[in-house]
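Chemist: Work out the full structure, taking the sequences as your base and the hints as a guide.
Heads up: the sequence shown is residues -19 to -1, 1 to 228, going by mature numbering (1 follows the signal peptide of the UniProt record, and there is no 0).
Calculated from the structure, these hints are not laboratory results.
Note that the structure is predicted; figures quoted are calculated from it, not measured.
C-beta: ideal position from N, C-alpha, C; glycine also.
You may find that some hints are simply not true.
[Said to hold, decoys possible] DEER-style ranges, computed between Cβ atoms:
hint, residue 1, residue 2, range
1, GLU156, ASP114, 17 to 23 Å
2, ASN128, SER98, 48 to 54 Å
3, ARG45, VAL227, 54 to 60 Å
4, THR71, LYS150, 21 to 27 Å
5, GLY51, PRO174, 44 to 50 Å
6, GLU156, PHE63, 46 to 52 Å
7, ASP153, PHE63, 56 to 62 Å
8, GLU156, HIS16, 47 to 53 Å
9, ASN17, HIS149, 37 to 43 Å
10, LYS158, THR71, 41 to 47 Å
11, ARG200, ASN60, 25 to 31 Å
12, LEU209, GLN56, 38 to 44 Å
13, GLY69, LYS26, 19 to 25 Å
14, GLY51, ARG198, 17 to 23 Å
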Amino acid sequence: MKKILIAFALLALPGLTLASGGEGFPLEKAPIDLHNKASLQKGAKLFVNYCMGCHSLEHQRYNRMGRDIGLTDEQVKNNLIFTGAKIGETMKNAMPKADAKRWFGVAPPDLSVISRSRGVDYLYTYLLTFYQDSTRPYGVNNAAFPNSGMPHVLWELQGMQKPVYETHKDHDGNETKILKEFELVQPGSMSPPQYKEAVTDLVNFLAYVGEPIQLERQRVGIWVILFLGLAFVVFYLLKKEYWKDVH
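Modeler: In C-alpha coordinates form, the structure reads like this:
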(Lines of atoms letter the chains of each structure in order from A and count residues from 1; the text may use other names and numbers.)
(Lines give C-alpha, C1' and ligand atoms only; values in the text may rest on other atoms or scores of the structure.)
Protein backbone atom coordinates (compact mmCIF):
# COMPACT_ATOMS: atom_id res chain seq x y z
CA MET A 1 0.00 0.00 0.00
CA LYS A 2 2.86 2.36 0.84
CA LYS A 3 4.46 1.80 -2.57
CA ILE A 4 1.17 2.56 -4.32
CA LEU A 5 0.81 5.86 -2.44
CA ILE A 6 4.39 6.83 -3.33
CA ALA A 7 3.71 6.04 -6.98
CA PHE A 8 0.61 8.24 -7.02
CA ALA A 9 2.56 11.05 -5.36
CA LEU A 10 5.29 10.87 -8.01
CA LEU A 11 2.70 10.93 -10.77
CA ALA A 12 0.99 13.96 -9.28
CA LEU A 13 4.21 15.89 -8.60
CA PRO A 14 4.86 17.09 -12.18
CA GLY A 15 1.33 18.43 -12.42
CA LEU A 16 1.71 20.28 -9.16
CA THR A 17 4.99 21.76 -10.34
CA LEU A 18 3.49 22.97 -13.59
CA ALA A 19 0.45 24.40 -11.86
CA SER A 20 2.62 26.75 -9.85
CA GLY A 21 3.70 28.56 -13.02
CA GLY A 22 6.63 30.88 -13.41
CA GLU A 23 7.98 32.55 -10.29
CA GLY A 24 4.64 32.36 -8.47
CA PHE A 25 2.62 34.32 -11.02
CA PRO A 26 -0.93 32.91 -11.21
CA LEU A 27 -1.63 31.01 -14.41
CA GLU A 28 -4.67 31.51 -16.61
CA LYS A 29 -6.55 28.44 -17.75
CA ALA A 30 -5.84 27.69 -21.40
CA PRO A 31 -9.16 26.96 -23.19
CA ILE A 32 -7.67 24.50 -25.65
CA ASP A 33 -9.73 22.05 -27.71
CA LEU A 34 -7.76 19.45 -29.65
CA HIS A 35 -10.89 18.46 -31.57
CA ASN A 36 -11.11 21.96 -33.09
CA LYS A 37 -9.21 21.50 -36.36
CA ALA A 38 -9.80 25.10 -37.45
CA SER A 39 -8.03 26.25 -34.28
CA LEU A 40 -5.17 23.80 -34.88
CA GLN A 41 -4.77 25.04 -38.45
CA LYS A 42 -4.65 28.69 -37.33
CA GLY A 43 -2.19 27.73 -34.59
CA ALA A 44 0.07 26.00 -37.14
CA LYS A 45 -0.01 29.13 -39.30
CA LEU A 46 0.93 31.33 -36.34
CA PHE A 47 3.77 29.00 -35.39
CA VAL A 48 5.44 28.89 -38.81
CA ASN A 49 5.02 32.65 -39.28
CA TYR A 50 6.08 33.93 -35.86
CA CYS A 51 7.90 31.16 -33.97
CA MET A 52 9.70 29.01 -36.50
CA GLY A 53 12.30 31.64 -37.29
CA CYS A 54 13.98 30.65 -34.02
CA HIS A 55 12.25 27.51 -32.74
CA SER A 56 11.81 24.14 -34.38
CA LEU A 57 9.59 21.08 -34.00
CA GLU A 58 12.15 18.40 -34.75
CA HIS A 59 9.88 15.52 -33.71
CA GLN A 60 6.98 16.56 -35.95
CA ARG A 61 6.76 15.86 -39.69
CA TYR A 62 4.95 18.24 -42.01
CA ASN A 63 2.82 15.55 -43.67
CA ARG A 64 1.82 13.95 -40.36
CA MET A 65 0.89 17.36 -38.98
CA GLY A 66 -1.18 18.19 -42.04
CA ARG A 67 -3.01 14.88 -41.99
CA ASP A 68 -3.86 15.20 -38.30
CA ILE A 69 -5.19 18.77 -38.47
CA GLY A 70 -7.14 18.33 -41.69
CA LEU A 71 -4.80 19.74 -44.38
CA THR A 72 -3.69 18.15 -47.63
CA ASP A 73 -0.02 17.86 -48.57
CA GLU A 74 -0.51 20.60 -51.16
CA GLN A 75 -2.02 22.96 -48.60
CA VAL A 76 0.89 22.32 -46.24
CA LYS A 77 3.49 22.87 -48.99
CA ASN A 78 1.85 26.05 -50.23
CA ASN A 79 1.06 27.64 -46.86
CA LEU A 80 3.23 26.21 -44.10
CA ILE A 81 6.64 25.35 -45.56
CA PHE A 82 8.96 28.34 -45.98
CA THR A 83 12.34 26.64 -45.45
CA GLY A 84 12.51 24.60 -48.65
CA ALA A 85 11.87 21.39 -46.70
CA LYS A 86 10.12 18.41 -48.25
CA ILE A 87 6.67 17.38 -47.11
CA GLY A 88 7.97 14.28 -45.33
CA GLU A 89 10.70 16.07 -43.39
CA THR A 90 10.57 17.24 -39.81
CA MET A 91 9.77 20.86 -38.96
CA LYS A 92 13.27 22.25 -38.48
CA ASN A 93 14.07 25.93 -38.79
CA ALA A 94 16.80 27.39 -40.97
CA MET A 95 18.76 29.09 -38.17
CA PRO A 96 22.14 27.43 -37.41
CA LYS A 97 22.37 26.64 -33.70
CA ALA A 98 25.89 28.07 -33.44
CA ASP A 99 24.72 31.42 -34.81
CA ALA A 100 21.64 31.38 -32.58
CA LYS A 101 23.80 30.84 -29.50
CA ARG A 102 26.10 33.71 -30.52
CA TRP A 103 23.17 36.07 -31.16
CA PHE A 104 20.95 35.19 -28.21
CA GLY A 105 23.42 33.75 -25.70
CA VAL A 106 21.67 30.39 -25.87
CA ALA A 107 20.14 28.51 -28.79
CA PRO A 108 16.31 28.76 -28.77
CA PRO A 109 14.95 25.37 -27.66
CA ASP A 110 13.01 22.93 -29.78
CA LEU A 111 9.33 23.16 -28.84
CA SER A 112 8.17 19.65 -29.74
CA VAL A 113 7.33 18.74 -26.15
CA ILE A 114 7.16 22.18 -24.51
CA SER A 115 3.44 21.74 -23.81
CA ARG A 116 4.18 18.56 -21.85
CA SER A 117 7.22 19.85 -19.98
CA ARG A 118 5.75 23.25 -19.07
CA GLY A 119 2.01 22.75 -19.35
CA VAL A 120 -0.51 24.50 -21.59
CA ASP A 121 -1.63 26.93 -18.87
CA TYR A 122 1.95 28.15 -18.49
CA LEU A 123 2.37 28.64 -22.26
CA TYR A 124 -0.95 30.47 -22.48
CA THR A 125 -0.08 32.80 -19.60
CA TYR A 126 3.47 33.32 -20.88
CA LEU A 127 2.29 34.53 -24.29
CA LEU A 128 -0.22 36.89 -22.68
CA THR A 129 2.04 38.54 -20.11
CA PHE A 130 4.85 40.27 -21.98
CA TYR A 131 5.19 43.88 -20.85
CA GLN A 132 7.41 46.90 -21.39
CA ASP A 133 10.66 46.92 -19.44
CA SER A 134 13.39 49.31 -20.56
CA THR A 135 15.99 47.49 -18.43
CA ARG A 136 15.79 44.34 -20.56
CA PRO A 137 17.81 43.82 -23.78
CA TYR A 138 14.69 43.64 -26.00
CA GLY A 139 12.70 46.20 -24.02
CA VAL A 140 10.23 43.63 -22.65
CA ASN A 141 9.88 41.35 -19.67
CA ASN A 142 7.46 38.58 -18.84
CA ALA A 143 5.34 38.00 -15.75
CA ALA A 144 5.23 34.21 -16.08
CA PHE A 145 8.96 33.93 -16.83
CA PRO A 146 10.74 36.96 -15.32
CA ASN A 147 13.87 38.10 -17.18
CA SER A 148 13.16 35.84 -20.12
CA GLY A 149 15.65 36.24 -22.95
CA MET A 150 12.94 35.93 -25.60
CA PRO A 151 11.64 39.04 -27.40
CA HIS A 152 7.90 39.56 -27.71
CA VAL A 153 7.54 38.18 -31.24
CA LEU A 154 3.75 38.66 -31.22
CA TRP A 155 3.87 42.35 -30.25
CA GLU A 156 2.49 43.46 -33.61
CA LEU A 157 -0.62 41.42 -32.89
CA GLN A 158 -1.04 42.23 -29.20
CA GLY A 159 0.53 45.66 -29.05
CA MET A 160 2.54 46.69 -25.99
CA GLN A 161 1.31 46.75 -22.41
CA LYS A 162 2.70 48.05 -19.17
CA PRO A 163 2.39 46.49 -15.72
CA VAL A 164 0.11 47.92 -13.05
CA TYR A 165 1.36 47.25 -9.51
CA GLU A 166 -0.45 47.19 -6.20
CA THR A 167 1.47 48.25 -3.11
CA HIS A 168 1.15 46.24 0.12
CA LYS A 169 2.59 47.11 3.52
CA ASP A 170 3.55 44.57 6.15
CA HIS A 171 3.37 45.06 9.94
CA ASP A 172 6.77 46.80 9.95
CA GLY A 173 5.73 49.29 7.29
CA ASN A 174 7.81 47.71 4.53
CA GLU A 175 6.22 48.13 1.11
CA THR A 176 5.98 45.36 -1.47
CA LYS A 177 4.82 45.89 -5.04
CA ILE A 178 2.70 43.10 -6.50
CA LEU A 179 1.87 42.88 -10.19
CA LYS A 180 -1.90 43.18 -10.42
CA GLU A 181 -2.79 43.65 -14.10
CA PHE A 182 -1.65 45.12 -17.40
CA GLU A 183 -2.60 48.27 -19.23
CA LEU A 184 -2.45 48.41 -23.04
CA VAL A 185 -0.39 51.45 -24.05
CA GLN A 186 0.16 50.67 -27.74
CA PRO A 187 -2.62 48.80 -29.56
CA GLY A 188 -1.71 45.98 -31.91
CA SER A 189 -3.41 44.74 -35.05
CA MET A 190 -5.73 42.61 -32.91
CA SER A 191 -8.11 43.57 -30.13
CA PRO A 192 -7.40 41.94 -26.73
CA PRO A 193 -10.10 39.25 -27.26
CA GLN A 194 -8.77 38.51 -30.75
CA TYR A 195 -5.23 38.21 -29.42
CA LYS A 196 -6.37 35.83 -26.70
CA GLU A 197 -8.04 33.70 -29.34
CA ALA A 198 -4.84 33.69 -31.42
CA VAL A 199 -2.78 32.63 -28.38
CA THR A 200 -5.34 29.88 -27.70
CA ASP A 201 -4.88 28.61 -31.26
CA LEU A 202 -1.09 28.65 -30.95
CA VAL A 203 -1.09 26.85 -27.59
CA ASN A 204 -3.68 24.41 -28.94
CA PHE A 205 -1.31 23.56 -31.79
CA LEU A 206 1.65 23.10 -29.42
CA ALA A 207 -0.51 20.85 -27.22
CA TYR A 208 -1.23 18.70 -30.28
CA VAL A 209 2.46 18.60 -31.26
CA GLY A 210 3.45 17.49 -27.77
CA GLU A 211 1.48 14.25 -28.24
CA PRO A 212 0.09 13.84 -31.78
CA ILE A 213 -1.34 10.39 -31.04
CA GLN A 214 -3.48 11.51 -28.11
CA LEU A 215 -6.71 11.99 -30.08
CA GLU A 216 -6.34 8.57 -31.68
CA ARG A 217 -5.53 7.08 -28.28
CA GLN A 218 -8.66 8.61 -26.78
CA ARG A 219 -10.80 7.26 -29.62
CA VAL A 220 -9.39 3.76 -29.22
CA GLY A 221 -9.64 4.04 -25.43
CA ILE A 222 -13.41 4.48 -25.61
CA TRP A 223 -13.78 1.22 -27.53
CA VAL A 224 -11.43 -0.57 -25.11
CA ILE A 225 -13.53 0.55 -22.13
CA LEU A 226 -16.74 -0.56 -23.87
CA PHE A 227 -15.17 -3.94 -24.64
CA LEU A 228 -14.01 -4.39 -21.05
CA GLY A 229 -17.49 -3.49 -19.80
CA LEU A 230 -19.09 -6.08 -22.09
CA ALA A 231 -16.46 -8.66 -21.15
CA PHE A 232 -17.16 -8.06 -17.46
CA VAL A 233 -20.85 -8.85 -17.97
CA VAL A 234 -20.03 -12.04 -19.90
CA PHE A 235 -17.46 -13.20 -17.35
CA TYR A 236 -19.82 -12.44 -14.46
CA LEU A 237 -22.59 -14.51 -16.04
CA LEU A 238 -20.12 -17.34 -16.72
CA LYS A 239 -18.96 -17.21 -13.12
CA LYS A 240 -22.56 -17.50 -11.87
CA GLU A 241 -23.18 -20.43 -14.21
CA TYR A 242 -20.04 -22.31 -13.14
CA TRP A 243 -20.62 -21.78 -9.40
CA LYS A 244 -24.39 -22.23 -9.17
CA ASP A 245 -24.14 -25.94 -8.17
CA VAL A 246 -21.46 -25.17 -5.59
CA HIS A 247 -23.67 -22.67 -3.77
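Chemist: So, for every hint listed, does it hold in this structure?
Modeler: Going through the hints against the structure:
1. GLU156 <-> ASP114: 17 to 23 Å: Roughly 20 Å apart at Cβ, these two residues keep to the hinted range, so it holds.
2. ASN128 <-> SER98: 48 to 54 Å: Taking Cβ atoms as reference, ASN128 and SER98 lie about 19 Å apart, which means the hint is violated.
3. ARG45 <-> VAL227: 54 to 60 Å: Holds, since ARG45 and VAL227 (Cβ atoms, about 55 Å apart) stay within the stated range.
4. THR71 <-> LYS150: 21 to 27 Å: 54 Å, violated
5. GLY51 <-> PRO174: 44 to 50 Å: Given a distance of about 25 Å, which is not inside 44 to 50 Å, the answer is violated.
6. GLU156 <-> PHE63: 46 to 52 Å: 50 Å, holds
7. ASP153 <-> PHE63: 56 to 62 Å: 57 Å, holds
8. GLU156 <-> HIS16: 47 to 53 Å: 48 Å, holds
9. ASN17 <-> HIS149: 37 to 43 Å: The hinted range 37 to 43 Å holds for ASN17 and HIS149, with Cβ atoms some 41 Å apart.
10. LYS158 <-> THR71: 41 to 47 Å: 45 Å, holds
11. ARG200 <-> ASN60: 25 to 31 Å: Given a distance of about 27 Å, which is inside 25 to 31 Å, the answer is holds.
12. LEU209 <-> GLN56: 38 to 44 Å: Taking Cβ atoms as reference, LEU209 and GLN56 lie about 39 Å apart, which means the hint holds.
13. GLY69 <-> LYS26: 19 to 25 Å: 20 Å, holds
14. GLY51 <-> ARG198: 17 to 23 Å: 18 Å, holds
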